Amino acid sequence: VSQLLSARSAAAADSALAGLQGGVGAAVGGLRAALLDLLVELEARLDFDEDLPPLDLPWVKRKIGEVQARVDAALRTQRAGSLLRRGLQVAIVGQPNVGKSSLLNAWTDSDRAIVTPTAGTTRDVVEAALVVGGVPVTLLDTAGIRHSEDEAEMIGVERSRAAAAAADVVVMVVDGAAGWTAEDGEIHAALWGGEGGGGGGCKVRGPALLVANKDDLRGAGSQHCSGTGSSSSSSSGSSTLRSSSRDVRSSSSNGSVAEEEGVEEAEAEGLVLPPGVRSTFAGVVRTSAAQRRGLQDLDAALLRLAGAPQLAAGGVAWAVNERQAEALLRCREALSRLSESVAADLPLDFWTIDLRSAVLALGEVSGQEVGEEVLEAVFSRFCIGK
Amino acid sequence: MKALTSAPMASATFHKLLRAPVSVPQLLAPVAPALAGANSWRPTLHHPCARRQCCTTSSSAAATAPAADHPTPAPSATASTSTAASSSTNSNPSTPTTPTTPTTSGPHIFASSTTHSGSSLTPSRTSSPSSWYAEEDYDVIVVGAGHAGCEAALAAARLGCRTLLLTLNLDRIAWQPCNPAVGGPAKSQLVHEVDALGGEIGRMADRTYLQKRVLNRSKGPAVWALRAQTDKAEYSRGMRRVLEEQPGLEIREAMVVGLDVGPNDEVRGVRTYFGITFRARAVVLTTGTFMNGTIWVGRQSMSAGRAGEAASVGLTEALQGLGFETDRLKTGTPARIDARSVDYTALEPQPGDEEERWFSFDPAVHVPRPQLCCYLTRTTPDTHRLIRENLKETPIYGGWVDSKGPRYCPSIEDKIVRFADKESHQIFLEPEGRNTPEMYVQGFSTGLPERLQLALLQTLPGLQRVKMLRPAYAVEYDYLPAHQCHPSLETKKLQGLFFSGQLNGTTGYEEAAAQGLVAGLNAGLRAQGRPPVSLPRESSYLGTLLDDLVTKDLREPYRMLTSRSEYRLLLRSDNADRRLTPLGREVGLIDDRRWELFTAKQARIETEKARLAATRVKADSPLAQAAASVSGHAVPGSPTLEELLRRPHVHYHLLQQHGLGGGEGLAGVEAEAAEVDIKYAGFITRQEKQLASLASKASRPLPADLDYAGIATLSLEAREKLAKVRPRDIGQASRIGGVSPADISALLIHLEVARRR
Chain A
1 VSQLLSARSA
11 AAADSALAGL
21 QGGVGAAVGG
31 LRAALLDLLV
41 ELEARLDFDE
51 DLPPLDLPWV
61 KRKIGEVQAR
71 VDAALRTQRA
81 GSLLRRGLQV
91 AIVGQPNVGK
101 SSLLNAWTDS
111 DRAIVTPTAG
121 TTRDVVEAAL
131 VVGGVPVTLL
141 DTAGIRHSED
151 EAEMIGVERS
161 RAAAAAADVV
171 VMVVDGAAGW
181 TAEDGEIHAA
191 LWGGEGGGGG
201 GCKVRGPALL
211 VANKDDLRGA
221 GSQHCSGTGS
231 SSSSSSGSST
241 LRSSSRDVRS
251 SSSNGSVAEE
261 EGVEEAEAEG
271 LVLPPGVRST
281 FAGVVRTSAA
291 QRRGLQDLDA
301 ALLRLAGAPQ
311 LAAGGVAWAV
321 NERQAEALLR
331 CREALSRLSE
341 SVAADLPLDF
351 WTIDLRSAVL
361 ALGEVSGQEV
371 GEEVLEAVFS
381 RFCIGK
Chain B
1 MKALTSAPMA
11 SATFHKLLRA
21 PVSVPQLLAP
31 VAPALAGANS
41 WRPTLHHPCA
51 RRQCCTTSSS
61 AAATAPAADH
71 PTPAPSATAS
81 TSTAASSSTN
91 SNPSTPTTPT
101 TPTTSGPHIF
111 ASSTTHSGSS
121 LTPSRTSSPS
131 SWYAEEDYDV
141 IVVGAGHAGC
151 EAALAAARLG
161 CRTLLLTLNL
171 DRIAWQPCNP
181 AVGGPAKSQL
191 VHEVDALGGE
201 IGRMADRTYL
211 QKRVLNRSKG
221 PAVWALRAQT
231 DKAEYSRGMR
241 RVLEEQPGLE
251 IREAMVVGLD
261 VGPNDEVRGV
271 RTYFGITFRA
281 RAVVLTTGTF
291 MNGTIWVGRQ
301 SMSAGRAGEA
311 ASVGLTEALQ
321 GLGFETDRLK
331 TGTPARIDAR
341 SVDYTALEPQ
351 PGDEEERWFS
361 FDPAVHVPRP
371 QLCCYLTRTT
381 PDTHRLIREN
391 LKETPIYGGW
401 VDSKGPRYCP
411 SIEDKIVRFA
421 DKESHQIFLE
431 PEGRNTPEMY
441 VQGFSTGLPE
451 RLQLALLQTL
461 PGLQRVKMLR
471 PAYAVEYDYL
481 PAHQCHPSLE
491 TKKLQGLFFS
501 GQLNGTTGYE
511 EAAAQGLVAG
521 LNAGLRAQGR
531 PPVSLPRESS
541 YLGTLLDDLV
551 TKDLREPYRM
561 LTSRSEYRLL
571 LRSDNADRRL
581 TPLGREVGLI
591 DDRRWELFTA
601 KQARIETEKA
611 RLAATRVKAD
621 SPLAQAAASV
631 SGHAVPGSPT
641 LEELLRRPHV
651 HYHLLQQHGL
661 GGGEGLAGVE
671 AEAAEVDIKY
681 AGFITRQEKQ
691 LASLASKASR
701 PLPADLDYAG
711 IATLSLEARE
721 KLAKVRPRDI
731 GQASRIGGVS
741 PADISALLIH
751 LEVARRR
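Protein sequence lines, in the order shown, are assigned to chains A and B.
With full-length UniProt numbering applied, the first sequence corresponds to residues 1 to 386, in that order.
With full-length UniProt numbering applied, the second sequence corresponds to residues 1 to 757, in that order.
Hints are not guaranteed to be accurate.
[As the list claims (entries may be wrong)] Listed next, the stretches of chain B that the computed footprint assigns to chain A, with coverage defined by at least 3 CB atoms under 8 Å from CB atoms of chain A:
{"id": "1", "segment": "301–315"}
{"id": "2", "segment": "416–425"}
{"id": "3", "segment": "553–563"}
Keep in mind that the hints were calculated from the coordinates and are not lab data.
Everything numeric in this text was worked out from a predicted model, so none of it was measured.
Where a beta carbon is used, it is the ideal one built from N, C-alpha and C, also for glycine.
With the rest of the complex left out, here is chain A (with noise of 0.2 Å):
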């Protein structure tokens, strides 16, 4: 209930809510069900061998490996998880004047940052939330990185390449009708450690995005080509901001799409990029602050860098916390302890000091006693007795 309540995005409650009616809950509850069945069977042999027939053993060792796949399968989704509970920390840097509050401002449907055609407007970092494929983000928007005599852009500029530093994903955005100059060759050196870098320890360690803005500036040409994929985001680019998690999913798959043309029209358009510098970021997209285009393959693109695409996909309905992955991992480890036993052919009553300790860990996340749920089942699965 915990999570419900602080939750962050409709998906991150809905994920929560799933955990607590049957989601998560049901999924670990069912591992621990069938470790349960495991043990039972290796149990009742250990007080009753004599009453019971003989323990099917190719069944047991089946099971042990199904149980052991499905609990890898819930590990998996341990990272959407908890991106959907934290959220992504989303830093935008640039030159001056490239029009990163516009994008900011763009992208989060708002008026949030101040922009003036002034380079350098953006003296702090400025903070903007919302919502992209059920993933809750966080946009910083920062002071354009440029050498400055004054005093207090050069402490936003400091600012920025901390908010660089710390971001889970670095978006940069240079001017698309400009292409690649000199100063975003220097800006790249200091926040990814070039030669020229002075930024001194704060180097970037997340992904980044390179934007090219100013889209609409460019050639008649290039704003036909992209034109299929933004006139269906412009219209549902906003809606994406506000639109339950179920909207979001359908249109962003579809955005990934047409991100990935995206990213190719940028490379066949030649927006030329020194060598060394390509390969920093993961994706480019070609946007139109102004027009509001582009934003869609964004949001895609930034769900693929968060490895959040199956989320945004609908592939899983829940994913597993910390608390609950730690409890896979305990289980994970048990199993594994208990292939030992079964390969090194140890007598039964060692298979089930594993198999308890990974019912055990999951017993957890319901908080059960084990003992007298094997006798439960052990009594009623079996006839037993004098």
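On the provided structure of chain A, position chain B as indicated by the hints.
Only chain B this time, still in chain A's reference frame:
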């Protein structure tokens, strides 16, 4: 003084007895021959004296001749005499009284001593003004001479306490009213543990066995389980002999109906039905199924502790009057048949193991005896049909009894209804003794009326012409939910009062014996003013049993099962002595002879382990080759014997086959103990670590006066349960049903907050 006078109790008792069902005579008919002396023991208004007369005769005769219905020839009686004699060597030799001489009057001084506690004096007392009868003073009084009572009395006496054992019937000491067997999974561990603490049940089972088998032999050493069929009559006689020869212990017939309680809620003695007050500093109640016992056959019921023996009436009410909570439980036992009317050609014999194993760590009782067979038969379609046609005649399905029996002991009708797709159920026939034709029909408990029981038995192959000697019956009785006890089994309400055995809601001789030993030990310690001993859950099955009893809610009689133990790999039968005998020695239950045996054995095991770790063989030696082929992996370098033993399927006897076994003095079980330690060292260390980390968390004590109701962060259920059980530490609290991990966190936070204030 809060003394409970026996007079109103007695009249209540008579009222109850007079309300016994009118139909009793018919019902008693089939079992009446077995009753002999016990029958007249039933107190009636008409023959109050006849009973005393009768019992006196039968008890004086009992030392040489067993109960009247079991004519036993001389040979086994002599066997029992000789083995019983050896038991006296186990006791502390310094108690200067003749236990069989009744002390009849007045204040007296009784000096008793052990090697540990020195002498303790029983304070002399003047006659109680309320007592018109001669007064008796003891350190410890044990009420009931079943498997709990015997262990309790022996433990107290062996500590050097002047001990009195009171029983309803001296001819039914350590009786086995259900199946004539000791041990089995988990129960065998209890027996080994009781033995390791100087108890008697293992030695008795070793002396009187009819057959022995090791169950779970194909599994790991932690779950090997020795089970013995025992000679019921011989067991009872043998135990009586042990009691009689124990210095400092007196046995006497009496029905205890009340307790004498002092001004500070301390127990001061017991009052009997016939008006005697026996004084003691500690009292152990082990009344089994006798308190307000009622037995049922079909729709007929009668007041009885078990078939043929009167119930104990009045004590429940006395305990309730003292504020104890009581409840009712139910269990049952199948029919007994005449072995001479069984057609064995139709049965599958179940012989014992050729290689015999022993419950006791004391080699003095390791005397092999000829073994008898058990037999296997099965239910037939006729059995199932007969039961289905008569379901309405059974208590549960007929609807006149709603309480179900224990789940591990279902009636045959229950098995057939609940597992309808199972075509046949196996039924074991177990001999009850070498000199009795009685056989126990295991797996055939039933609530059907007697007239149907014989017909039902006769549907089984081999039993077509069987004669039934005793019908199956169920028994309902009062028990005292054991959350009213500390893990020492002393009650929380009254200092010096201990409960143990079936009275605490358990079932099984082994469970009873285990509790009896703990209660008797602690009663003795209480009488001597020494601190109590409690066995932690992780130390033993015994500790697990005690912890479960004082912590959990019972829905059925509690039976020990291996699945109840979290750390069974550490709690093996082979190391029960290593785990517990030092404690037994420390408190004074283990005499010098047993202690020397123990230390010598441990030294041999350690020497052998050192030898195995130090002895190397070449990779091309026959042993290394053999080990490689058995384990399926090549042997690299020149391995030590220890390394070879760690491999799968390599066992100690492989070493012996290649002439690399231990020396002459090393016994088989000792080599086995060394092998287990080595082979499973990885697992053992891991469990030990888990245990240590668990213990550090769980041992955080909870104040006895903690106001659970006032802790708002606890769930309502947890508040109720915690207030009822009053756990001693976080570990126990976490094992209470209805107390969730969230409640435990809340409790920890509460404690921490309280500490910081």
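Checked hints:
1. 301–315: Result for this restraint: violated, n = 0.
2. 416–425: Check passed, 4 qualifying residues.
3. 553–563: Our answer is that it holds, as 3 residues pass the Cβ test (under 8 Å) against chain A, meeting three.
Of the numbered hints stated above, the single one contradicted by the structure is hint 1.
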